[in-house]
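Number of protein chains: 2
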Amino acid sequence: MEKMRRSERIAAITKTLLERPRQLFSLNHFTELLLSAKSNISEDLGIIDETLKSLGLGQLETISGAAGGVKYVPGLRGELSLEFLNQLCGKLTNPERILPGGFIYMNDLIFDPYISSKLGEVFATRFSQLTPDYIITVETKGIPLALMTAHSFSVPLVIIRDNSNVSEGSSVSINYVSGSTRQIHTMSLSRRALPEHAKVLIIDDFMKAGGTARGMMDLMAEFNAQVLGIGVFIGTVEPRTKLVDNYVSLLELERVDGLTREVIIRPSQTLRLKTKEV
Amino acid sequence: MEKMRRSERIAAITKTLLERPRQLFSLNHFTELLLSAKSNISEDLGIIDETLKSLGLGQLETISGAAGGVKYVPGLRGELSLEFLNQLCGKLTNPERILPGGFIYMNDLIFDPYISSKLGEVFATRFSQLTPDYIITVETKGIPLALMTAHSFSVPLVIIRDNSNVSEGSSVSINYVSGSTRQIHTMSLSRRALPEHAKVLIIDDFMKAGGTARGMMDLMAEFNAQVLGIGVFIGTVEPRTKLVDNYVSLLELERVDGLTREVIIRPSQTLRLKTKEV
Chain Z
1 MEKMRRSERI
11 AAITKTLLER
21 PRQLFSLNHF
31 TELLLSAKSN
41 ISEDLGIIDE
51 TLKSLGLGQL
61 ETISGAAGGV
71 KYVPGLRGEL
81 SLEFLNQLCG
91 KLTNPERILP
101 GGFIYMNDLI
111 FDPYISSKLG
121 EVFATRFSQL
131 TPDYIITVET
141 KGIPLALMTA
151 HSFSVPLVII
161 RDNSNVSEGS
171 SVSINYVSGS
181 TRQIHTMSLS
191 RRALPEHAKV
201 LIIDDFMKAG
211 GTARGMMDLM
221 AEFNAQVLGI
231 GVFIGTVEPR
241 TKLVDNYVSL
251 LELERVDGLT
261 REVIIRPSQT
271 LRLKTKEV
Chain U
1001 MEKMRRSERI
1011 AAITKTLLER
1021 PRQLFSLNHF
1031 TELLLSAKSN
1041 ISEDLGIIDE
1051 TLKSLGLGQL
1061 ETISGAAGGV
1071 KYVPGLRGEL
1081 SLEFLNQLCG
1091 KLTNPERILP
1101 GGFIYMNDLI
1111 FDPYISSKLG
1121 EVFATRFSQL
1131 TPDYIITVET
1141 KGIPLALMTA
1151 HSFSVPLVII
1161 RDNSNVSEGS
1171 SVSINYVSGS
1181 TRQIHTMSLS
1191 RRALPEHAKV
1201 LIIDDFMKAG
1211 GTARGMMDLM
1221 AEFNAQVLGI
1231 GVFIGTVEPR
1241 TKLVDNYVSL
1251 LELERVDGLT
1261 REVIIRPSQT
1271 LRLKTKEV
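In order, the protein sequences belong to chains Z and U. Counting in our numbering, the first sequence runs from 1 upward without gaps. Counting in our numbering, the second sequence runs from 1001 upward without gaps.
Just so you know, these hints were derived from the structure itself, not from any lab. It should be emphasised that the depicted structure is a prediction, and the values quoted were computed from it without experimental measurement. Among the clues, some could well be false.
Some but not every residue of chain Z turned toward chain U, in silico, with C-beta under 8 Å [claimed, not checked]:
| hint | residue |
| --- | --- |
| 1 | Ser117 |
| 2 | Ile143 |
| 3 | Leu147 |
| 4 | Ala150 |
| 5 | Ala193 |
| 6 | Val237 |
Here are the simulated DSSO-like cross-link-like pairs (lysine-lysine), alpha carbons at most 30 Å apart as the crow flies [claimed, not checked]:
| hint | chain 1 | residue 1 | chain 2 | residue 2 |
| --- | --- | --- | --- | --- |
| 7 | Z | Lys91 | U | Lys1071 |
| 8 | U | Lys1053 | Z | Lys38 |
| 9 | U | Lys1199 | Z | Lys91 |
| 10 | Z | Lys38 | Z | Lys15 |
| 11 | Z | Lys53 | Z | Lys199 |
| 12 | U | Lys1053 | U | Lys1071 |
| 13 | U | Lys1053 | U | Lys1199 |
| 14 | Z | Lys71 | U | Lys1071 |
| 15 | Z | Lys38 | U | Lys1091 |
| 16 | U | Lys1091 | Z | Lys199 |
| 17 | Z | Lys71 | Z | Lys15 |
| 18 | Z | Lys71 | Z | Lys53 |
| 19 | Z | Lys15 | U | Lys1015 |
| 20 | Z | Lys199 | U | Lys1071 |
| 21 | U | Lys1038 | U | Lys1091 |
| 22 | U | Lys1015 | Z | Lys71 |
| 23 | U | Lys1053 | Z | Lys15 |
| 24 | U | Lys1199 | U | Lys1015 |
| 25 | Z | Lys53 | U | Lys1053 |
| 26 | Z | Lys71 | U | Lys1199 |
| 27 | U | Lys1038 | Z | Lys53 |
| 28 | Z | Lys53 | U | Lys1071 |
| 29 | U | Lys1091 | Z | Lys15 |
| 30 | Z | Lys53 | U | Lys1091 |
| 31 | Z | Lys15 | Z | Lys53 |
| 32 | Z | Lys91 | U | Lys1015 |
| 33 | Z | Lys71 | U | Lys1091 |
| 34 | Z | Lys199 | U | Lys1199 |
| 35 | U | Lys1038 | U | Lys1071 |
All C-beta atoms in this analysis are idealised placements derived from N, C-alpha and C, irrespective of residue type, glycine included.
All chains should be built: construct the whole structure from the sequences, respecting the hints.
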């Protein structure tokens, strides 16, 4: 009977913690929810922590003291991330994905909730040293990845619009030059979407010359925000010099050849090296 | 020792199943992952199922036979859904949310990954009898809710664009008249985003006259898709007659008064009644 209760508690605690990564839950939360003593809950947490670590899926972090508690910190083990990214590369090299203009069709992948949530975990693992208050993206295709990254950090998502929208109140707009098409675009963000001096992490699906990311940086400066990092799903190898520094791309796209129907794409070097070190 | 192993298995199985709702996992998947006998895994699944049910958070569904397995079916107990929706109503009635034009600012809520994931569970519970192949939305504000609903169903999300986009190949466009502003807009969807004859569930953040939903229905007809249902987060009480039938709104918005600074909003009647019946 005692055995049963432990198992049930573990199922309940696992669901609660994993549903809100990096969110601190007090031990009292669980003692009240599960009508169990603190010592039991502590042991349960130890078991869950061990299991997550042994599977390479993250860990629990315990903070002691009156304001303390426990939280689930996602962290995909290096080779699991790499395996997952390699699978995606396998799909992306399918010549049927090649679109006119040298683009690759990838909406079926980045709009898949399982894939985007896994990529969110990969981003959260890669940026695990950062503590952003907000995840920032610009509409539209980066939204699923950015939302799932926000989920892994348990912080709100802020979506920059590519025009100003009546239903969001006063907004700040900037013009930016798209690095690849050299066209001038506008992006804007509602004043109330982001407080001043926030710490933000920018997430997007694709970077070529970095014009859009540069625009987001400039817009963030208007809000006196501190940009802690930039993460993109796919970055092109060329041009080597982007309009922003210090971005992280999960995959690097070397070539899309519309004539030979060839796509060359691979996990980024930093990720490959990181995994080898381990 | 045996006790420890069971607890660890439960933590691992819970994480695996909850991460991919409605996705069928064979028992072999777990016997291999956890190096444990089928009989043990079956008992573990029973414990997890009991726990989820007793907490009102869904259940496991077991399918027997060679192609069988187990899946987690999200299902928020009625009063938990209602409590959550009531909390959101409390936030939405804050007069500071009133924007010029009688709009309510709610991006901070619907772009919050925890809130949108809970709303996804509420939609999945409300539409639990449906088996959509795809969740459909139109950019931009409905995307987080639609993605999280797609996550709860473990099906892909398809995003209709409000203009045609170069990087998605050939697309089908339709014109539609926004029910509230009477303006003509265009929405389009890449040909390859949706196969013919798919079963779809439409999810959006807001419905007033239903013009956008009507447009989505029309666009779906171009793909010979079968629209199983329409779910919106907030529907206005007026106009009573919408341009689409059979939609489900989680909240009903009766009034936004810019002068008296009053917002009247509540969980929809069907949800309130459903809960009372239980």
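- [ ] Identify every previously stated hint that the structure contradicts and give their numbers, smallest first.
- [x] 6, 15, 20, 21, 26, 30, 34
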